[in-house]
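**Student:** One letter stands for each residue in the lines below.
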Amino acid sequence: MNRSQVSRLRWCHSEEKTVLLAHGATDLLTLAQRRGGQLHQLLAGTRIFEADLHKPLGRHSAAEWRQLISNCQQLASPELAGLLGVALLHNKYIAISQAVLQAQDLRQALRMLFFYRHQLCPLWFVQLARQHNQLVLRLLPAGPLDKTASFLLQSMLSYLLSLLKLQWGDCQAVRLQLSPQLVKQHAAFLPTLPCQFSQGLTADTDGAAVSLFIPLHALEQPFRNANAEAFNAARRTCRQLQKTLQQSPTLHEVLFRLQQRLLPTSLTLEQASTALGMSTSALRRLLAMEDTSLSRISDLVRQQQAFRLLSDSAASNRQLAKQLGYSDEHNFRRAFKRWTGLLPSDFRAWLLGTSEQSL
Amino acid sequence: MWQLHQQKLMFSGLLLLSSLLLALQLGDVKPLAAVDLIDALGEGCTLLVCCSWLWLIVSSRPAGRVTERLYYGCLLLVFCYFLDVGDEFIHYPADSVLMIWLESFTAPVGMVLLTFGLVGWHHEQRAIDRQLRGRELFFRDHQLLDPLTQLYGADYLQAVLDRELALQQDLQRTKQPLSLLVIDICRFSEVNRQFGVAAADDLLCQLGEAVASQLRFSDLVCRFRADCFIAVLPNTALAQAQQLQHHLQQQLQRLNLQPAAALTIVAQQVSARDGVGALADAAALLSRKRNSRLPAELAGQIG
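Just so you know, the protein sequences line up as chains U and V, in that order. If you're matching positions, the first sequence starts at 1 in our numbering and goes up one per residue. If you're matching positions, the second sequence starts at 1 in our numbering and goes up one per residue.
Wrong hints could be hidden among the right ones.
[What the hints assert, rightly or not] Which residues of chain V face chain U? A partial, calculated answer using Cβ under 8 Å:
(1) 41
(2) 61
(3) 146
(4) 148
(5) 196
(6) 201
None of these hints come from the bench; they were simulated from the model. Positions of the beta carbon are idealized from the N, C-alpha and C atoms, including for glycine.
Make the full structure from the sequences, and use the hints.
**Tutor:** Written out as structure tokens, the structure is:
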């Protein structure tokens, strides 16, 4: 048993995440107020007070952030999420946005965003993968996927894509892939994005993953507004801010990564609870509170891994089944059919088709 | 809104209180066994509903003549039902004419007053409809309003187009043409970036206001997408629509909206043959325009 399994993993409940008020709440509130929202109604139930809004280091919990977002969603203004992303990107008081705007290239910007992600979007996490000659950013919700999570997804996408549009002048090289369920949810929003998007094949209800495909050569393309000095200054501010925030990953993310490490065997309740340093019943209760279960998480991990393996290697179904921990290839094929509605071989053909299109 | 009506509310409270005192003075309280509970419950419910009407009037209407009529009409109804509930619990002597009169005459007077108020409201609404010209056609649903520009959104546009096209199909012989004007802000994301989201919101509001005020009574402007407005021009052929488009371009140029942004205005005729998916048409029109495959004279540069 190695040391990381003996020592407890750092984790937190998704509601324990803290968000800086200046990194979202104030921008969202001004946008909502311009759309006729009353401040007292928008703040109702959030335990945020008007006076706190102007404190530079004012913080609130993720639960309050979600409440605030759902209050703002009452306004029936579908553009709010996208605008929030744009407003966050151009906010002069958000150090991480300033750093990203003045980064040298996309690689540096993404590194900043990944490292300081808790300052901007604590409720989603990112998985990085390489596929052919593309970098794949897979965004996964760190808590239950509800209306607030999809609001945040929209604002994150518009943040990233307006950054790229600003720096490159055009981001048609970037491709976005969503599950059909998400495409339906964001039908009004997607056409406003300045990139190509395609409907993924994940047909099951857990297909919450959103993938962003960026060509590898684009990572090095220099940014228009690169300014090393300003970037370093902003990075220093980010580093200091980071100390004031909850940095532990959420339970969902920890279990996801744990299962990824344990493949091909499935993560058991006992293993998970020892790794997290709690009793099995406590873990079960927590999972119920987060509206998820170990089997769903391991299914999601297997699904992601299967997509990666299918696109990377030419392994046979039998080998894939073994690597993913299925007893035989029939079980693997059945699971794959459940995720995508396609057989693995058809999926491989489809992947080839789409990657040729995007080249 | 209710702060505007504080005096009225105070007066109503006093009126109800004094009527209660008067009733207690004149009559005496019935024993509980003699009270008909079902009757009391029914009349109590009527009273509560009336009170909620009063509350709705107070919380939704600005002060004014029409509001006053509606309010006092409703207040008299409340007063009448209040006495009605009261007489379930209080027994009046047979010779007390005052209470009987108060109880039976207030309701008709109140209703007459309420009717006058409603007639006034009707006239007022017609005036407001005139104010809303260019913003609303035949159908009202406040939930479809875009909260920023106060114009209707894409769903409303879809409903209006569906109806117009259905009408067109019915009146095939009369051949009423229907046209659309698509008003698009070029490179809106750059406005967002250069001047900030607040200034961009401001521009949208001003533009919506300006377009709505420049069109005719029968036209309708909707906010189709973030940076795109669509005007529906019923009973307008393409030539006429193009005239309107030139007019709009000139006027918007003269208004010189800030922050400056380039606008593209395109006129297009829609016919019933295209089917009810007219919004898809509009979207296709838009994407075609974005690909800038349109005649040069149609793309106007403003700002």
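**Student:** Checking hints one by one. Is residue 41/V an interface residue toward chain U, by the C-beta closer than 8 Å rule?
**Tutor:** Check failed: Cβ of residue 41/V comes no nearer than 34 Å to chain U, outside 8 Å.
**Student:** Do the numbers back the hint for residue 61/V, that is, is its least Cβ distance to chain U under 8 Å?
**Tutor:** With a minimum Cβ separation of about 19 Å from chain U (threshold 8 Å), the hint on residue 61/V is violated.
**Student:** Take the shortest C-beta to C-beta distance between residue 148/V and chain U; is it under 8 Å?
**Tutor:** holds, 5 Å
**Student:** Do the numbers back the hint for residue 196/V, that is, is its least Cβ distance to chain U under 8 Å?
**Tutor:** holds, 7 Å
**Student:** Can we keep the residue 146/V interface hint, with Cβ of chain U closer than 8 Å?
**Tutor:** Where the cut-off is 8 Å and the nearest Cβ of chain U is about 7 Å from residue 146/V, the hint holds.
**Student:** Measuring from the C-beta of residue 201/V to each C-beta in chain U, is the shortest one below 8 Å?
**Tutor:** holds, 5 Å
In the structure shown, a violation is registered for the earlier hints numbered 1 and 2, in ascending order.
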